[in-house]
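**Student:** The chain contents come next:
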Amino acid sequence: MELVYIVILLALIVYNALGFLVGRARKTHGVKAPAITGPEEFERTFRVHQNTLESLIMFVPAVWIFGMVIDPLWAAVIGLVYIVGRVLYAMGYIRAAEKRGPGMMVSFLANAVLLLGGLVGLIVDMM
Amino acid sequence: MELVYIVILLALIVYNALGFLVGRARKTHGVKAPAITGPEEFERTFRVHQNTLESLIMFVPAVWIFGMVIDPLWAAVIGLVYIVGRVLYAMGYIRAAEKRGPGMMVSFLANAVLLLGGLVGLIVDMM
Amino acid sequence: MELVYIVILLALIVYNALGFLVGRARKTHGVKAPAITGPEEFERTFRVHQNTLESLIMFVPAVWIFGMVIDPLWAAVIGLVYIVGRVLYAMGYIRAAEKRGPGMMVSFLANAVLLLGGLVGLIVDMM
Numbered sequence: 001m002e003l004v005y006i007v008i009l010l011a012l013i014v015y016n017a018l019g020f021l022v023g024r025a026r027k028t029h030g031v032k033a034p035a036i037t038g039p040e041e042f043e044r045t046f047r048v049h050q051n052t053l054e055s056l057i058m059f060v061p062a063v064w065i066f067g068m069v070i071d072p073l074w075a076a077v078i079g080l081v082y083i084v085g086r087v088l089y090a091m092g093y094i095r096a097a098e099k100r101g102p103g104m105m106v107s108f109l110a111n112a113v114l115l116l117g118g119l120v121g122l123i124v125d126m127m
Numbered sequence: 001m002e003l004v005y006i007v008i009l010l011a012l013i014v015y016n017a018l019g020f021l022v023g024r025a026r027k028t029h030g031v032k033a034p035a036i037t038g039p040e041e042f043e044r045t046f047r048v049h050q051n052t053l054e055s056l057i058m059f060v061p062a063v064w065i066f067g068m069v070i071d072p073l074w075a076a077v078i079g080l081v082y083i084v085g086r087v088l089y090a091m092g093y094i095r096a097a098e099k100r101g102p103g104m105m106v107s108f109l110a111n112a113v114l115l116l117g118g119l120v121g122l123i124v125d126m127m
Numbered sequence: 001m002e003l004v005y006i007v008i009l010l011a012l013i014v015y016n017a018l019g020f021l022v023g024r025a026r027k028t029h030g031v032k033a034p035a036i037t038g039p040e041e042f043e044r045t046f047r048v049h050q051n052t053l054e055s056l057i058m059f060v061p062a063v064w065i066f067g068m069v070i071d072p073l074w075a076a077v078i079g080l081v082y083i084v085g086r087v088l089y090a091m092g093y094i095r096a097a098e099k100r101g102p103g104m105m106v107s108f109l110a111n112a113v114l115l116l117g118g119l120v121g122l123i124v125d126m127m
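Protein chains in written order, with the working numbering: chain X, 1 to 127; chain B, 1 to 127; chain D, 1 to 127.
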């Protein structure tokens, strides 16, 4: 499971970097805490961070369980695809709302494989 | 622990479906990303998803630890009650803000049993 | 790992208490769900809860993995520092936005040690 844990920690470090981008965007656009609305460019950066949080709550348990139940190497590989998808999503969405699609789709599909793969594996194991 | 993992993955799949409802509500009410405010019906759907995220950050570790420390079957049963509570909450809140109470209470109580039960069990174990 | 699990559950219970503060602030300031904007005092309380969620998504897996890979006692100690940081952050931020810095820094550093310590430990293990 070492590889799976490494991938989880890498995903969290990328997520933390997205949090720094929100802090920087607060300064650039003069959006003082606790406000979370402002120029669209700030709001896009804010949503990149939030949406990644909304996605990580699924990814972390899903990749962990998939690694235990199915295969840790495959879990790590799909987890890396997830991270690449999230980076593409962030790079696209920070530029324009319309550019968030492809990265979102990649990370969504990776998450779906982990969630459904783990679920099917567990149900097969129990039967 | 297989049953506990199944319940965790089911809760995450329900949560993912709530995310789809937000996407659909964006289209229905013409609320374009990155905006998160708009007609109240959109905002209620948005909050259903967000509040479930706020709740899952407690549920996933709590049901996992309860399953390891106390009993995996009981963890799975209480976890199912939690999921039912979350579905009731979503169905109520999407209709009207006043209807979010009962489901919220059911999932809150399930979470409280998992959190406090796990904590008591761990403290007893260590003594 | 019992101590690590206890620290995780304590962090989640503190987080749950911050959620109650948001509910109370809704009543005090007349901010009805699903609204998440209102008087600055309400918004600060709301952000305390949200930011702690944004932080817990990293803390829970990081302290768990650090405990398994490096040392459970050290994980628990650093986890307690994290919780103290979060409580200071909440107490400061609820009073004034400028007072959120010290607690945020303490919990951020604790999280960084857990994330990077775990990552280095795993990479060393694999070599």
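Hints may be right or wrong, so weigh each one.
Said to hold, decoys possible - As a list, the in silico DSS-like pairs of lysine-lysine whose alpha-carbon atoms are at most 30 angstroms apart:
{"hint": "1", "chain 1": "X", "residue 1": "Lys99", "chain 2": "X", "residue 2": "Lys27"}
{"hint": "2", "chain 1": "B", "residue 1": "Lys99", "chain 2": "X", "residue 2": "Lys27"}
{"hint": "3", "chain 1": "X", "residue 1": "Lys32", "chain 2": "D", "residue 2": "Lys32"}
{"hint": "4", "chain 1": "X", "residue 1": "Lys27", "chain 2": "D", "residue 2": "Lys99"}
{"hint": "5", "chain 1": "D", "residue 1": "Lys99", "chain 2": "X", "residue 2": "Lys32"}
{"hint": "6", "chain 1": "B", "residue 1": "Lys32", "chain 2": "X", "residue 2": "Lys27"}
{"hint": "7", "chain 1": "B", "residue 1": "Lys99", "chain 2": "B", "residue 2": "Lys27"}
{"hint": "8", "chain 1": "D", "residue 1": "Lys99", "chain 2": "B", "residue 2": "Lys32"}
{"hint": "9", "chain 1": "B", "residue 1": "Lys32", "chain 2": "X", "residue 2": "Lys32"}
{"hint": "10", "chain 1": "D", "residue 1": "Lys32", "chain 2": "B", "residue 2": "Lys32"}
{"hint": "11", "chain 1": "D", "residue 1": "Lys99", "chain 2": "D", "residue 2": "Lys32"}
{"hint": "12", "chain 1": "B", "residue 1": "Lys99", "chain 2": "X", "residue 2": "Lys99"}
{"hint": "13", "chain 1": "B", "residue 1": "Lys99", "chain 2": "B", "residue 2": "Lys32"}
{"hint": "14", "chain 1": "D", "residue 1": "Lys27", "chain 2": "X", "residue 2": "Lys32"}
{"hint": "15", "chain 1": "D", "residue 1": "Lys32", "chain 2": "B", "residue 2": "Lys27"}
{"hint": "16", "chain 1": "D", "residue 1": "Lys99", "chain 2": "B", "residue 2": "Lys99"}
Claimed, not checked - Quick list of the computed label-pair ranges, beta carbon to beta carbon:
{"hint": "17", "chain 1": "B", "residue 1": "Leu21", "chain 2": "D", "residue 2": "Gly38", "range": "21 to 31 angstroms"}
{"hint": "18", "chain 1": "X", "residue 1": "Arg95", "chain 2": "B", "residue 2": "Met126", "range": "47 to 57 angstroms"}
{"hint": "19", "chain 1": "D", "residue 1": "Met127", "chain 2": "B", "residue 2": "Met105", "range": "42 to 52 angstroms"}
{"hint": "20", "chain 1": "X", "residue 1": "Pro102", "chain 2": "D", "residue 2": "Leu73", "range": "40 to 50 angstroms"}
{"hint": "21", "chain 1": "X", "residue 1": "Pro102", "chain 2": "B", "residue 2": "Asp71", "range": "19 to 29 angstroms"}
{"hint": "22", "chain 1": "D", "residue 1": "Ile13", "chain 2": "X", "residue 2": "Ala35", "range": "41 to 51 angstroms"}
Derived by calculation from the structure, the hints in this document are not laboratory data. Even for Gly, the Cβ is constructed at its ideal location relative to N, Cα and C.
**Student:** Take the hints in turn and mark each one as holding or not.
**Tutor:** Verification of the supplied hints:
At most 30 angstroms may separate the alpha-carbon atoms for a hinted pair to count; X/Lys99 and X/Lys27 meet this at roughly 24 angstroms. At most 30 angstroms may separate the alpha-carbon atoms for a hinted pair to count; B/Lys99 and X/Lys27 exceed this at roughly 40 angstroms. A C-alpha spacing of about 23 angstroms is found between X/Lys32 and D/Lys32, which places the hinted pair at or below 30 angstroms, so the restraint holds. A C-alpha spacing of about 17 angstroms is found between X/Lys27 and D/Lys99, which places the hinted pair at or below 30 angstroms, so the restraint holds.
With a C-alpha separation of about 13 angstroms, the suggested pairing of D/Lys99 with X/Lys32 holds against the 30 angstroms cut-off. At most 30 angstroms may separate the alpha-carbon atoms for a hinted pair to count; B/Lys32 and X/Lys27 meet this at roughly 24 angstroms. Distance check on the hinted pair: B/Lys99 and B/Lys27 sit about 24 angstroms apart at the alpha-carbon level, within 30 angstroms; holds. For the hint linking D/Lys99 to B/Lys32, the alpha-carbon distance of about 34 angstroms lies beyond 30 angstroms, and the restraint is violated.
With a C-alpha separation of about 23 angstroms, the suggested pairing of B/Lys32 with X/Lys32 holds against the 30 angstroms cut-off. Taking the CA atoms of D/Lys32 and B/Lys32, the gap is about 23 angstroms. The hint holds against a cut of 30 angstroms. For the hint pairing D/Lys99 with D/Lys32, the CA-to-CA distance comes to about 27 angstroms; that is within 30 angstroms, so the pair holds. Only pairs whose Cα atoms come within 30 angstroms are accepted, and B/Lys99 paired with X/Lys99 is rejected, the gap being roughly 37 angstroms.
A C-alpha spacing of about 27 angstroms is found between B/Lys99 and B/Lys32, which places the hinted pair at or below 30 angstroms, so the restraint holds. Note on D/Lys27 and X/Lys32: the hinted pairing holds, with a Cα-Cα distance of about 24 angstroms set against a maximum of 30 angstroms. As the CA atoms of D/Lys32 and B/Lys27 are separated by approximately 24 angstroms, the hinted pair is consistent with the 30 angstroms bound. Between D/Lys99 and B/Lys99 the CA atoms are separated by roughly 37 angstroms; this puts the pair beyond 30 angstroms, and the hint is violated.
Look at B/Leu21 against D/Gly38: about 25 angstroms separates their beta carbons, and that is inside 21 to 31 angstroms. Distance hint check for X/Arg95 and B/Met126: the Cβ-Cβ separation is about 52 angstroms, which falls inside the suggested range of 47 to 57 angstroms. A beta carbon spacing of about 51 angstroms between D/Met127 and B/Met105 agrees with the range 42 to 52 angstroms that was offered as a hint. Evaluation of the 40 to 50 angstroms hint for X/Pro102 and D/Leu73 yields a pass: the beta carbon distance comes to about 45 angstroms.
Range check, X/Pro102 to B/Asp71: Cβ separation about 44 angstroms, and the 19 to 29 angstroms hint is violated. Between D/Ile13 and X/Ala35 the C-beta distance comes to about 29 angstroms, which lies outside the given range of 41 to 51 angstroms.
Going down the numbered hints, you'll see the structure goes against 2, 8, 12, 16, 21, 22, while the others check out.
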